[in-house]
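**Student:** Residue strings, one per chain:
2 protein chains.
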Amino acid sequence: MSKRIYFNAFQMNCVVHQSPGLWTRNDDHMVDYKRLDHWMNFAKLIERGCFDAIFLADVLSVYDVYGANRDAALRNAAQTPVNDPMLLIPAMAAVTEHLGFGFTSSILQHHPFTFARFITTLDHLTQGRVAWNIVTSYLESTGRSYGLKGLPDHDVRYAMADEYCRVCYQLWEDSWADDAVLADKRRGIYTDPSRVRDVVHDGKYYKVNGPHISEPSPQRTPVLFQAGTSPRGTDFAAEHSECVFVIGSSPKVAGEYAHAIKSKAQNFGRRAEDVLCFAYMKVITGSTEAEARAKYEEFYSQVSYEGALALLCGWSGIDLSKYEPDMPVEYIETNAIRTFLHSFTHADPNRMWTMRDIANYVGIGGAGPVLVGAPEQIADQLEEWIAAGVDGFNLAYATLPGSFEDFIDGVVPVLQKRGRMQKEYQPGSLREKLFAGRPARAQLPHPAAKTRRGW
Amino acid sequence: MSKRIYFNAFQMNCVVHQSPGLWTRNDDHMVDYKRLDHWMNFAKLIERGCFDAIFLADVLSVYDVYGANRDAALRNAAQTPVNDPMLLIPAMAAVTEHLGFGFTSSILQHHPFTFARFITTLDHLTQGRVAWNIVTSYLESTGRSYGLKGLPDHDVRYAMADEYCRVCYQLWEDSWADDAVLADKRRGIYTDPSRVRDVVHDGKYYKVNGPHISEPSPQRTPVLFQAGTSPRGTDFAAEHSECVFVIGSSPKVAGEYAHAIKSKAQNFGRRAEDVLCFAYMKVITGSTEAEARAKYEEFYSQVSYEGALALLCGWSGIDLSKYEPDMPVEYIETNAIRTFLHSFTHADPNRMWTMRDIANYVGIGGAGPVLVGAPEQIADQLEEWIAAGVDGFNLAYATLPGSFEDFIDGVVPVLQKRGRMQKEYQPGSLREKLFAGRPARAQLPHPAAKTRRGW
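As they're listed, the protein sequences go chains A and B. The working numbering puts the first sequence at residues 77 to 531. The working numbering puts the second sequence at residues 77 to 531.
Chain A extracted, bound-state conformation (with noise of 0.2 Å):
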């Protein structure tokens, strides 16, 4: 049998994620982010079409890099104003019970000490079905916010991140023994002190110097995600990573890239299949190819010219505001702009593609590529990508909740009869989702089961 394909919904805490203009249609229902029981559905309707967690974005500052100032951004919603994401993961266990959550965690954000009893807490809770995502930040504004002059340089992050992740190991891994808990009721032992133990770090950014203040979790270190693509960043991933998170135009794009990282993985003695690539995806279906291609035409004509540039110009640095709206793209003198835009161009090559082609292509994808069709038609090209060579889809949404009950109720149907998705969740633990066969608890020669010392 074909080895399954693996699903995350990607999702914001915010009212545009990656469709920027489709939250003023009345079937929208993001500007109800705010609402608990918004996300609790949106739980229960995700488990119900069987996918392996929720996956949240996050960014910890205002996209400000189109026109130097913040209004598109503002005005369309473009991921701002963005409310913290791993405090809706309580409440959205609370009505699952198999679905995972990641979510998006700078490391610029909380000291390792904190952020490691986050994870602790979250992973109880959920009886282990947490991921973390790891990022390094991309806005210079959010360094700012955090009163620094800007962010550091992207190599200094990469190794922030690196001694980051070692430390919050350390607190996860090697702090508590795993008979560290006895609960003894009878003799009246908690823990027995001998099995707990202090972590000392004194590093280059960061300082630690006690125990872990919560026992063991489940997974002890939850499912890790990132999404480098710089060659630090990829070497990061190749190190670090069970899930890498792949944005690509093309199955072949995708499939090298996520052929790259597993390749790479191998350099530090990991196989190729403890990493899973997933690609972001966005799918526009309905019960017919000819319903499916009306909704991305209306969808189409309501995307934001200014939000899709917002959060393109926020995405690549690049200030693309001067051009107008009709400039066509090989008119551009910068060529690395030209360039730049002209990833956007492969689906259709030929014709003359204007900024405002670009823009509709953004805001209808958002951050990739999007497939419109009949669920048949979606599977059989979900399908071309699997063979390429990626794991699984990262799949985000035009409208909420309507795509996401399109793709349930339409593509997961047929993909489970092709025996290419799950039916029902597998025991245990996301990791052990994830990874069959394997246990709750991070391998060797993944750097965290590195740091488990002998007791």
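Do not take every clue at face value.
No copy labels: a pair is met if it fits in one copy or bridges any two.
[Unchecked claim] Below, in silico cross-link-like pairs of lysine-lysine (DSBU-like), each with a Cα-Cα straight-line distance of 30 Å or less:
| # | residue 1 | residue 2 |
| --- | --- | --- |
| 1 | Lys225 | Lys280 |
| 2 | Lys398 | Lys261 |
| 3 | Lys371 | Lys261 |
| 4 | Lys499 | Lys328 |
| 5 | Lys283 | Lys225 |
| 6 | Lys499 | Lys398 |
| 7 | Lys328 | Lys120 |
| 8 | Lys283 | Lys79 |
| 9 | Lys120 | Lys261 |
| 10 | Lys225 | Lys526 |
| 11 | Lys398 | Lys280 |
| 12 | Lys79 | Lys120 |
| 13 | Lys493 | Lys340 |
| 14 | Lys526 | Lys280 |
| 15 | Lys120 | Lys398 |
| 16 | Lys328 | Lys493 |
| 17 | Lys79 | Lys493 |
| 18 | Lys79 | Lys499 |
| 19 | Lys225 | Lys398 |
Think of the hints as simulated: they come from the structure by calculation, not from any bench.
Put chain B on the given structure of chain A with help from the hints.
**Tutor:** Frame of chain A; chain B shown alone:
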């Protein structure tokens, strides 16, 4: 009609909060503290009892003063292991409608930019039911966990807390105008960019330069709790706190403390009724006095000596491990220690108190007094405390859920019948529920309100 009495349920995300030894009873469920349903059931019980809020304590490191090590605390699960309290709130809020949620967060734990978003997120998700207990930490080991040599000096910590609050107030109160969020689907404008501005704070301890990234929540600034008892701590409380947590061994002691705080608040232009004083209290009740006494005796016999002293030494910073359990307090040579321990003997100052008696007193009461009796007797005594000047109680428990069930089924109906306790909740945010007739947001002359500049 007499003023209603306020009640918080005093809790902590750990096995042993204020009753060392009693976790070993089969009817105590705190060993389930890692489970979401444990907390959701607890919240439903407390809301059934018409309490104002759940008040979650916290510490960030292990109690290690007794015997200069952490063995006693770990063996007895004395507030350790301890998971993060904030992460319990979303799940508890999901199954309640009116109950408030106060949680402790030390200023050493988070950057104010990070913390401000946590609060705003929670205030949205709970629809305005969040309170923050501002603490500055008291265990030297907490400083070490964060890589410091120990804690900053006491007065420095309060200077930090003052600045921390003022940074948070700016993020909560001054960054987004009331009319910033339009959520206008027709015009496609979510936020009016001209109504969002940066917080620029370049202080002694904290720096922030950017806008708050969450839109305004119902209360903006959460209801503020504080529990300082030092001159600097009470100054802080008098200026910032809306609810003050008081620990007194008798109505007189607690009442005088409450009067002092309220009087000090007037120095800051506030009214006495702007500050509510909650006295620590534990209640052991049953259908008759004899039944309550029998429970008390049984609990008393189950107190853990070592667990009680681990807590007491941690709270006081005094290592009492060199005194044998049978050592009479009055034979202790060090004046300061003898005086400190005599503060626990007021219940019966004429008899000879040993170290074991002190441990049992602390073990059964926790950080403060315990009332034992039938519901009518308890109600009478609580009214005495109120008459002495406090506004309500932070009610601790001996066993969970037993102590709260006994109180809610026994004492609450008596107090309600006497018109001293609410029978149903008032509408609105926690601040509106606690301060009838006032708005959801902090008002002048509170320093949070002072940070609002004009638009």
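**Student:** Next, verify each hint and record whether it holds.
**Tutor:** To see whether the hints hold, each was checked on the structure:
1. Lys225 with Lys280: Result: close both inside a copy and across copies, 19 Å intra and 16 Å inter.
2. Lys398 with Lys261: between (70 Å within a copy, 27 Å between copies)
3. Lys371 with Lys261: Classified as between; 19 Å across copies, 61 Å inside a copy.
4. Lys499 with Lys328: Within one copy only: 28 Å inside a chain, 65 Å across chains, cut-off 30 Å.
5. Lys283 with Lys225: both (22 Å within a copy, 10 Å between copies)
6. Lys499 with Lys398: neither (50 Å within a copy, 63 Å between copies)
7. Lys328 with Lys120: Answer is neither; intra-copy 34 Å and inter-copy 53 Å both fail.
8. Lys283 with Lys79: Cα proximity of lysine 283 and lysine 79: none, with 43 Å in one copy and 50 Å across.
9. Lys120 with Lys261: Classified as between; 27 Å across copies, 37 Å inside a copy.
10. Lys225 with Lys526: between (36 Å within a copy, 28 Å between copies)
11. Lys398 with Lys280: neither (42 Å within a copy, 40 Å between copies)
12. Lys79 with Lys120: For lysine 79 and lysine 120, the Cα distance is within 30 Å only inside one copy (25 Å; across copies 44 Å).
13. Lys493 with Lys340: Cα proximity of lysine 493 and lysine 340: none, with 34 Å in one copy and 72 Å across.
14. Lys526 with Lys280: Close inside one copy (20 Å), not across copies (40 Å); limit 30 Å.
15. Lys120 with Lys398: This pair counts as neither: shortest intra-copy Cα distance 44 Å, inter-copy 56 Å.
16. Lys328 with Lys493: Result: close within a single copy only, 26 Å intra versus 74 Å inter.
17. Lys79 with Lys493: Result: close within a single copy only, 13 Å intra versus 66 Å inter.
18. Lys79 with Lys499: Only inside one copy: lysine 79 and lysine 499 sit 13 Å apart there, 58 Å across copies, limit 30 Å.
19. Lys225 with Lys398: Within one copy, since 26 Å is at most 30 Å while 52 Å is not.
Checked against the numbered hints listed earlier, the structure breaks hints 6, 7, 8, 11, 13 and 15; every other hint is satisfied.
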